[in-house]
Each structure stands twice: as structure tokens, then as C-alpha cells.
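Colleague: One letter stands for each residue in the lines below.
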Amino acid sequence: MLRFIAARLLQSLVALVIISVVVFALARATGDPLYLILPMSASQEDFDNARRYLGLDRPYVEQYLSFVGRAVTGDFGTSLRARRPVGELIGERLPNSLKLAAFAMGVSLAMAFPLGIMAAVKKGTALDRTAQIVSVLGQSLPTFWVAILLVEFVAGRWQWLPAGGIGGFTSYILPGFTLGWFVVAGLMRLLRSGMLEVLDSEYVKLARVKGVDERRVIWMHALRNALIPVVTFAGIYFAILVTTAIVVETVFAWPGLGRLAYEGISSRDFPVIQAVVLTTAAIVAVVNLCVDCLYAMIDPRIRYAR
Amino acid sequence: MPPLVVDVRDLRTHLVTRWGTVKAVDGVSFALGEGETLGLVGESGSGKSMTCLSLVRLVPRSAARALGGQVLLDGEDLLAKTEAEMQKIRGRRIAMILQDPMSSLNPVFSIGMQMREPVALYHGLRGRALTARAAELLAAVRIPSPAQRLRSFPHQLSGGMRQRVVGAMAIAAPPRLLIADEPTTSLDLTIQSQYLGLLTELQERHRFALIFVTHNLGIVAKMCDRVAVMYAGRIVETGPVRRLLTRPAHPYTRALLESIPRLGTRSERLTAIEGQPPDLARLPRGCAFAARCPSVMDRCRAEAPPEIAVEPGHWTRCWLEMPASGTASSGAPA
Amino acid sequence: MPAEPTALAGPEPDMVAVRTSRAWRLPVFPLSVIAIFLALAVVAPLLGLPDPHEQSLRRRFKPPGWEEAGSWTHPLGTDRLGRDLLSRIVWGSRVSIAAGVVTVLLASAFGAAVGLAAGYYGGRVDAVLMRITDATMSFPVILLALILAVTAGPSFTNVVVAIAVVLWARYARVVRGQVLTLMQLDFVAQARIAGAGAWRIITRHLLPNTLGTLLVLVTLQIGYVIIVEASLSFLGAGIPPPTPAWGSMIAEGRDVVTSAWWVSLFPGLAILLVVLAFNLLGDWLRDTFDPKLRQL
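Chains as they are written, first to last, in our numbering: chain A, 1 to 306; chain B, 1001 to 1334; chain C, 2001 to 2296.
This is chain A alone, in the form it adopts within the complex (with noise of 0.2 angstroms):
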């Protein structure tokens, strides 16, 4: 098992380093990168100095180095709108992310694994085509202008629950629905079929020619075997739900670090949009590290394998 969780690191790294090559490298590629960095009213005096300062007259191996070398320090150099260290940005932006990212995943699972495992069990009934009609609807809805209209209507017109701005209970319940939305959807379409394939199986037959209680057969023998495609997909279902997050920030003002982002985007603020791909891969990296792990936890055969 230890070597699954090295051999897994390793790969995460690698991956990790690979993203980070291309960030260097695609700021290079497109025109002088101090353009990206310097404020539009540097002299050609600052540029010179700057040029010096960075170190981006050196050869690119060096420079690549030494931009990774203060990246992993938390050194992301300086926003140009809000002309302060990027590192900090994000240090107060990103646990309002975690805090929201957290609360949709936890709806989306309490909503997503009864709906899923029901409409499978109960497969045929009303239950199962009202799931089914929510996960196609749910992805296929954009999720941003479901966004907008849920902030005017419920938000501006109604005033059932706040706009947005990060505060107590309540205001998470927009953002973190519309984020987990897609999630939902998903999640409940691979539970459905995950466990209606389970459910025909040799196993669940024996299983319950053994005697053993429907129930335990449905939650115990046959989800966990369910689960298995589920896992598999929740490392591309947290990158969705980091590409919404994004979306989603903008739209009900939450300061995390996807609002981050899209402020970086508008201002063209270069620094700001290297840090939040970086930290954003980091995460992705860790949580898909966790992902896997759980898999090989979950299904002997990935442990045994080698």
C-alpha cells in the first residue's frame, strides 16, 4: 500500500511540475513577460532595473529554478492592481474557497448518494425518472446564468437569502447549491447506474440467497462496489467543481480565490493569475492524490495488483 502512495506522490509531483513549466514557459512565449508584471506607467528605466532584478536576463533553466524556488516559499511576486504580495491575496482568499468548496460537496453527497442508490433500488418508479430528469437537466444547465437569475430573484427581488458576500449560515446556501449543481447531477447519474449494474450481479444474488437483510445488501454489498466508478470520476468531478467555482465566486461576490481569478482576468494582472493556477493545481493534485488512495482503500484488487 505504501508503494501505491509513493508511486501516486511521485506522479503528482511530476504532474505538478509539468504545469508549472508550462506557466513559465506560456508567459515567455507570448511577448515579453514584463509586460505582464510591470505596471503600465514603468519607465524604460524600471524595466531595466526590473529586467536585472528578476533575473530574466540569466539563461531560462536558471530563471525557471529560481521562479519555482520562491513560488514554493509562497513568493508570487507583486499584484499590479492591488499592488500588494500576491502571496498574501491568497492567503486570505483561499480558506473562503475551502469553506464554500467544502459546504457544496457536503449537499452534493447528502443529496447525490440517497437520490442515486434510491432511484437505482427503485428503479421504474416515479422516484427513479424524477432523478433521472434532475441529472440531465442539471448538466445541462449553464450554471452561471442559473447563478445570475438565482441572485436577482431570490436574492434581489424575494430577499430570501443574501446576494452574496461571504457571512453567516445563509449565505452560503446560493453559492453552494448553484456550485454543487453540476456535482449533483453527476454524481447521481454514476450512483444509478454503478448500482443497478451491482444490483444484478452473482454476488448480490448469493448475498441475499444467504439470507443476509436487504438492506445490508443494498449499502453494504452493493455500494460498495458501486462506489467504485464514483471514485473513479470524483477527481475529474472536483476539477469541474473548481472551474464553476470560479464562475460562481464572480457571480455572488464571495472572496475566494476564484473571485481572485476573475479580477485577475479583468485587470490583466498576471502575477494574481499565475499564483491561482498554481495553488489551484496544487490542490487538484492533493485532493486527487486522496482520491486514489481512497480507491485502492475501497477495492482490494488496486491494492494487491502489484
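Calculated directly from the structure, the hints in this document are not laboratory data.
Because the structure is a prediction, the values reported are computed rather than measured.
All C-beta atoms, glycine included, are put in the ideal place defined by N, C-alpha and C.
One or more hints might be untrue.
Unchecked claim - Computed footprint of chain A on chain B, listed as stretches where at least three residues anywhere in the stretch have a Cβ under 8 angstroms from a Cβ of chain A:
1) 1084 to 1092
2) 1100 to 1106
3) 1198 to 1209
4) 1228 to 1234
What the hints assert, rightly or not - Calculated from the model, a selection of chain A residues having no Cβ within reach of chain B, i.e. all distances over 10 angstroms:
5) R8
6) D75
7) R84
8) M118
9) V136
10) L150
11) E152
12) L161
13) I166
14) G186
15) P229
Claimed, not checked - Lysine-lysine pairs mimicking DSS-like chemistry, simulated, CA-CA at most 25 angstroms apart:
16) A:K205 with B:K1081
17) B:K1081 with A:K122
18) B:K1088 with A:K205
19) B:K1081 with B:K1023
20) A:K123 with A:K205
21) A:K205 with A:K122
22) B:K1023 with A:K123
23) A:K205 with B:K1023
24) B:K1222 with A:K122
Once you've looked at the hints, dock chains B and C against the given chain A.
Modeller: Chains B and C in isolation, oriented as in the chain A frame:
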């Protein structure tokens, strides 16, 4: 006559599907006493497996189904029981071994867990006593190093070993009736006879009634006391093994026996039974085998034959056995 | 003969007769929707619609035709700059559908190639390719698009590239799985024995058998890509103005949702319809041709 363990009377299982009502099991009757073995023989689709599932009331959920008749286990009618009562009976009084050992064991749980579960359920054991009993059961089916095996996972075992584990689960209670649905079909030939020997030994020890489903008449000859041949959801002939195999009464049974290639005879071709089994949703009015029967008569197409006694304990559904007097003797199996 | 057996209380109370399987009914709704939008996208220039770029401060924020203040010259109303909404939606469909189709084609071609190679060669090639595939598969698309948008500026090409670079991994995985199954079959071994080379086996034997699955996956993904493209445009990292794109149209109407609700509503509806149609079509294709893909 020893008391009957299982007495099935006119069992019917009809499935309502979009293609019509499929009469998967249409009036099946047989009875078994302690330690007796019944061989249930037939082609695919003849209703053998569905009969077994009907006995434990686990007919597949995807279609509406209706069950009729009686299934008496030690005198109690299983078809009249509630689901909660059936759950107590499954595994404890009736056990089953399925065909494919690769897929009968849950791949994500250890052998130990899958063994402990029934033992805890039937005997209420816990902790070390539970594990000890689980290991004992594995030893009873001749699995080497049973205590270590408890920690293994199904994918680490060979097919033969897996089927033994399934066998161990089946005798955990031990049951009054064991249904083995083609247990050796997926095993290598050399392992097959080992497994059959194991089953015989277990039966001698625990005295359960055994229903052995197979399409292999050789196994029937070796293992069974009685045979029931199924065709299109009905038993077309049943009787003591030796009698049925040497002097079959029904043309279908005869055809099955003839289709087994024999050493020593010089035939150019293998004999096969012409035609296809009928569509169970659209059964003909008369005898279901009429379309393929070499001895078919007009009466066969018009009217389905009832159970007709050939000898005490041996009856068949065939007009050929109809005595000249025109009345059939009692069709009840011995 | 005894009477028909009565139904007994069995493991479940619902005696639901199995209804006609979805697979046998042609998916009329999705096909028509897609056909309509495709047609609109293709013949947009010929439709005689008002110029989607034409601004007019006089006509700004006119409501749809059926409202009191609206008129039927602008059936769906106008936006902040007085541009006709219906026309912009129709022209926007070109962008969205083009983005969806081109991206998916690129991603699937590349992904299928990787999957075929990985499945066929196996061993270390497979291991390495799959590592790369897995790493790519869970990379959030938007991040790459953001970087591209800020460094190279937002454009159609950048959107396509950003999405395709992450999307191909899905195809690679699925195709590889299929190839692995196919390789077990005898006809591949026979081709090898007959002396066929790798290229021939891959193109003539393996590829045709994966096309069905690819088609299903492609259809299912187009909807997703359209949503991602719209999200990017909404954030300003996608198709740049003044080209009409549904995502940016929604963004423009954001501040006036309460008063000029049509500006954001209709483009959103368009996205919903198109994506829904592709998803339903993809589901139907999958149910008909390859139910094993249920998990996608």
C-alpha cells in the same frame, strides 16, 4: 418412506414482460427426502435455474411475476411466507451454490468477512469464536491453511478454491436443502470430480437434500438418486437414475442420451436434436416438444400430455406412454 | 388444469409492467433542436436579420415583441447597446456550435490516437501514456484558459486549444479500454500472424470498432464544451467582443437582470436547449449502441 424434506407441487412462475407472459416454470412437481439427490437436467432456457430461484423466492426483480403452487419445506409452504420469514429461511434452511465462482464472491470483501457474515447471522457467534468457526468451515471443504485464507480476497484464489468457499458458506447453517446450480460447469475437468466428491461427502455428513442442476448426464449418473428432465418450463420425465438412463420413456430424454458421443461406436456424425426450444412466451397448445419429436402423433399437437406413470416412481409427460385403456394412472411422483 | 396462479406478496410490491425501452423510440426532440440550431448557424448570413453589431442608443433595452414597450422588429428585444437580441443569438450559435464541434473533434482525434497506441503497444508505452492521461484528465480547464487569455489574449483559438488540451484525456481512456478488450479477440491475433503491421491493425481492425463508442462520447461532450466555452466568455476569457457569444451576452445583461431580464434570459435558454439536446441525443446513442458506457 423417510419424511420429505422438500415437496414441490405444481410450481408455476410466470413473468410478465414486454414480449408477453413468459411461462418460465409451468407446473413443476417433485419431492426429496433427507440425503437424497435430485438431478435437474435440461437445455439452457428449460427453466432449471428459474425453478431454483422460485424455490427461494428470488425471482429476478425486473419483471412482474406471479408464483403459484406449493413449495413445502419440512411441511411448511414457502410460497405462503412473508418476505421477512423467507429471509430467515434463506441460507439457514435452504442454501444455494451458483454456477460461476468468479462472480459469486463479492470482489471487495475478504473471504473472512464473507464467511463470518452468514455464520454470525445463523449462529449468533462473535469475535474469536466466529473466526474459529469460519476457519472450521473452510477446513471442512478441504481448503488448505484456512486461517490464512480468511484474510485473502477472491481475486487471489483459483476458480476451484472459490467454489469451495461458496460451498463452505452453503453448509454454514447447515441447511436442510442445498441447491447446486451447475456448480462445476465453470471448473476445470480435473477439479470437477474433486468438487463432486466433496459435495457427496458433505451430504453424507449433514444429510441435506440436494438438487443438482446440470446439463451433463454423466454427472447425473454419478451423483444423483433421481432425475427430472425439464423442457420448456415443465418436467417431461422423472424417475430413479438408473431406470431413466437405461430405459428412458420420453423422446426428449432419449434424444439427450443419444447425443452423448460414446467411445467404441463407429458413427460418422454426432446426433443432435433437430430444431430449437420453443419461445416460452408463445408456447404451443399441445406438447411443447411436438415440433422436434421423432415420434410425434396428432394427439401430441392437439393436447398437452399430463403426467403419466410408466412404473411406480417413474412418470413422464408423453402420449406414447398412455396405456391403451385411455386413462392415465395417477401422475403424482413417488 | 388449475386456474391461473395469483400474484403473491413477493420481495417487492410494485408489479410495474416493463414499459417500452427508450432505445426503440427515435429521439425526435433532440434531433430537431440540433437540426434547427445547426441550420440557423449555417444560414445565418442569409436570413436577413438585423446586423448583430449595429448599435443604436435610441433603441437600447427594448423589451421583447410581446411586451407593451416592445415591437416586433426586435422580437426578443435589444441589449445595452441597442443591438438586436434575436440576431445576436442566431449569430452566437455559430460561435458556440463551432467551438463545440471543433474542440471535440480535435480532442477526440488526438485522444483516440493516444488510446489506440496505448492499448495496442501495452507495456511501458501504455504505462507512460496513461500516467500522462490521468494527470491531464483532472486538470481544471478554466485555469489553462485563464492563462492563455491573459498572456495571449482571449480568442476563439485560445478557447479551443485550452479546452481540447484537457479534454482529449477522456477519449484516450475510453478508447484504450475498448482496445484492450478488442485485443483479446482472435481476429487481432490472426491479423498479426498473417503479417499485418501495427499501422494496418490499428487502422483497419481496431479503429472501426471503436468508432461507435467515440461517437457516443463525442455527442455527450459537445454539450459540456459549449457550457465551458460560455462560462469562459462570461468571465471574459473566451470569445472577445464584439463577436456575439452566448456567454458574454449573459455577462452583459448581468447588471440589469431585474429590469431588462431578456438580455440574460434568452441566451441562457439557447444554451440550455442546445446542451440538453446534445445530452439527450448522446444518452440515446449510448443506450442504443453501447450500454456499457452508462457510466459516462
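Colleague: Each hint should be assessed against the structure and marked as holding or not.
Modeller: Each hint tested on the structure:
no.	hint	result
1	1084 to 1092	holds (count 6)
2	1100 to 1106	holds (count 5)
3	1198 to 1209	violated (count 0)
4	1228 to 1234	violated (count 0)
5	R8	holds (20 angstroms)
6	D75	holds (46 angstroms)
7	R84	holds (50 angstroms)
8	M118	holds (15 angstroms)
9	V136	holds (23 angstroms)
10	L150	holds (40 angstroms)
11	E152	holds (46 angstroms)
12	L161	holds (42 angstroms)
13	I166	holds (41 angstroms)
14	G186	holds (23 angstroms)
15	P229	holds (13 angstroms)
16	A:K205 with B:K1081	holds (20 angstroms)
17	B:K1081 with A:K122	holds (23 angstroms)
18	B:K1088 with A:K205	holds (16 angstroms)
19	B:K1081 with B:K1023	holds (22 angstroms)
20	A:K123 with A:K205	holds (17 angstroms)
21	A:K205 with A:K122	holds (17 angstroms)
22	B:K1023 with A:K123	holds (24 angstroms)
23	A:K205 with B:K1023	holds (22 angstroms)
24	B:K1222 with A:K122	violated (44 angstroms)
Consistency note: the structure conflicts with the earlier hints numbered 3, 4, 24.
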